[in-house]
Amino acid sequence: MPFLYENRQIVTPGDLLAEGDYLAADNTFRDNEKIYACRLGLVEYRGRKVQVVALNNLYFPAVEDLVIGKVVEVDLHGWNVDINSPYAGNLRASEALSRPFRPQRNELSDFLDVGDVIVAKVIAFDRTRDPSLTTREPELGKITYGQIVRVSPAKIPRVIGRKGSMINMLKNETRCNITVGQNGLISISGRSREDERIAALAIQKIEEEAHTSGLTDRVTEMIRKERSENA
Amino acid sequence: MPKKPKLVNKKGIRTDGRKLDEIRPLKLEVGVVHNADGSAYIEQGKNKILAALYGPREVHPRHLALPDRGILRCRYHMAPFSVDERKSPAPSRREVEISKVIREALEPAIFLERFPRTSIDLFIEVLQADGGTRCASITVASLALADAGIPMKDLVVACAAGKADEHLVLDLNDIEDKEGGADVPVAYMPNFDAVALLQMDGQLTIDEFKETIDLALNGCRQIYAVQKESLKAKYLAAKEETEEVEEE
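Protein chains in written order, with our numbering: chain A, 1 to 231; chain B, 1001 to 1248.
Read the hints as simulated data drawn from the structure, not as lab findings.
Be aware that a few hints might be false.
Some chain B residues near chain A, calculated using beta-carbon distances under 8 Å [stated by the list, open to error]:
#, residue
1, F1115
2, F1123
3, D1154
Using 27 Å as the maximum straight-line C-alpha spacing, the simulated DSS-like pairs for lysine-lysine come out as follows [what the hints assert, rightly or not]:
#, chain 1, residue 1, chain 2, residue 2
4, A, K205, B, K1239
5, B, K1027, B, K1004
6, A, K70, A, K121
7, A, K205, B, K1232
8, B, K1239, A, K49
9, B, K1046, B, K1019
10, A, K171, B, K1239
11, A, K49, B, K1232
12, A, K34, B, K1153
13, B, K1178, B, K1004
One side only, chain A facing chain B, incomplete, derived with CB under 8 Å [unchecked claim]:
#, residue
14, G14
15, R39
16, N56
17, N57
18, S165
Note that CB positions come from ideal geometry on N, CA and C, so glycine has one too.
Kindly produce the complete structure, drawing on both the sequences and the hints.
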């Protein structure tokens, strides 16, 4: 028996997607020869690969991911960061400061305090311990101005687009600096509040219509319209 | 003793106008609680139930966390105004038991082992009760799970069947539950043909019992179809809208 659905048809958890010699990819699972969906999403058949593009998802940390988080606790050796995932991120002082650090002398809250928002990268995570973060790379660290918008982590690939097509368009059209965290948080900083507002609006539209086609063009159109109306 | 009410008339019509093998009118809505990670709402006859789901998230208190898998915590609660006589808002023995039963019906459907050291917290609030709330709660809770993007083996759907006035009936309401001869709630995973919950009170012969289960499973399949549609509805609306624009 070959494929049981059309490409990009909506499936719900438990739907039988394919039977036979296929590979169970994202958001699917295998039970003997049968492949089922395990999330609500759009089914995609690519050669032997069967996958589901989830319509909603939670962020599960992975090494090398760029994430945006909020400091929730300062302790002796570093910070605990809420990264919108089941596990809290751990940023050690040595991964945030470029010079030696002594707990007796330095007060960590002078560098980052509760409530600060940071861009960080996941350097280690193996599900037995909470993910470790680092900010010792260019472009990482505390966010001091701009706005944060939140989308479902499942929509992040759509916000970036194929080879970055969507995100590049957004940056050009809105003239904003946009940092996309894999955990669903997006930081926007522009020259004016108005630019930031339009960028946030565009991202909201992408989230709502993520599972439809021809989205990049529609978003471009929306941004231009919004701009001319408020010019 | 007041006279026992008649539950099924000569034509085989029940107190609320249904046929013997008919389920109550069903309305399901997904994503109704904005602050929750996943949520759903069900109206099944006069039942009105809200389910809100949080997590997977850190377990508090910490010692409950398991190193190899996540835990599911479930609270079934009836609002004080959900029944004729005010119900004390404190969790009763019955509510604690139903919470456990619902949790155990949902656990086999969730890939809890993918989220070690976390908990998934499920809150089920019965706003209006009219019999069969444990089944409706399971149906609505599995939608909340799917809405939150938690990986699941299958949706869980539940429906009761039982006996009223010597007739076997599907999806009992409150009077049929209280005055009838038997009540058999069944939770079911349709794609695996697996039963996740089976309870019974009252008396049935073995043949009647078998027939009742078939009836209940039939009800489950009907509800399952509605359940799937409601999950898709949230996203199909946006899709159709844009496709119309493109065609123009």
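So, going through the hints one by one against the coordinates:
| no. | hint | verdict |
| --- | --- | --- |
| 1 | F1115 | 6 Å, holds |
| 2 | F1123 | 18 Å, violated |
| 3 | D1154 | 3 Å, holds |
| 4 | A/K205 to B/K1239 | 12 Å, holds |
| 5 | B/K1027 to B/K1004 | 31 Å, violated |
| 6 | A/K70 to A/K121 | 13 Å, holds |
| 7 | A/K205 to B/K1232 | 19 Å, holds |
| 8 | B/K1239 to A/K49 | 25 Å, holds |
| 9 | B/K1046 to B/K1019 | 17 Å, holds |
| 10 | A/K171 to B/K1239 | 26 Å, holds |
| 11 | A/K49 to B/K1232 | 23 Å, holds |
| 12 | A/K34 to B/K1153 | 12 Å, holds |
| 13 | B/K1178 to B/K1004 | 11 Å, holds |
| 14 | G14 | 3 Å, holds |
| 15 | R39 | 6 Å, holds |
| 16 | N56 | 4 Å, holds |
| 17 | N57 | 4 Å, holds |
| 18 | S165 | 18 Å, violated |
Hint check: violations occur at hints 2, 5 and 18; the rest are consistent with the structure.
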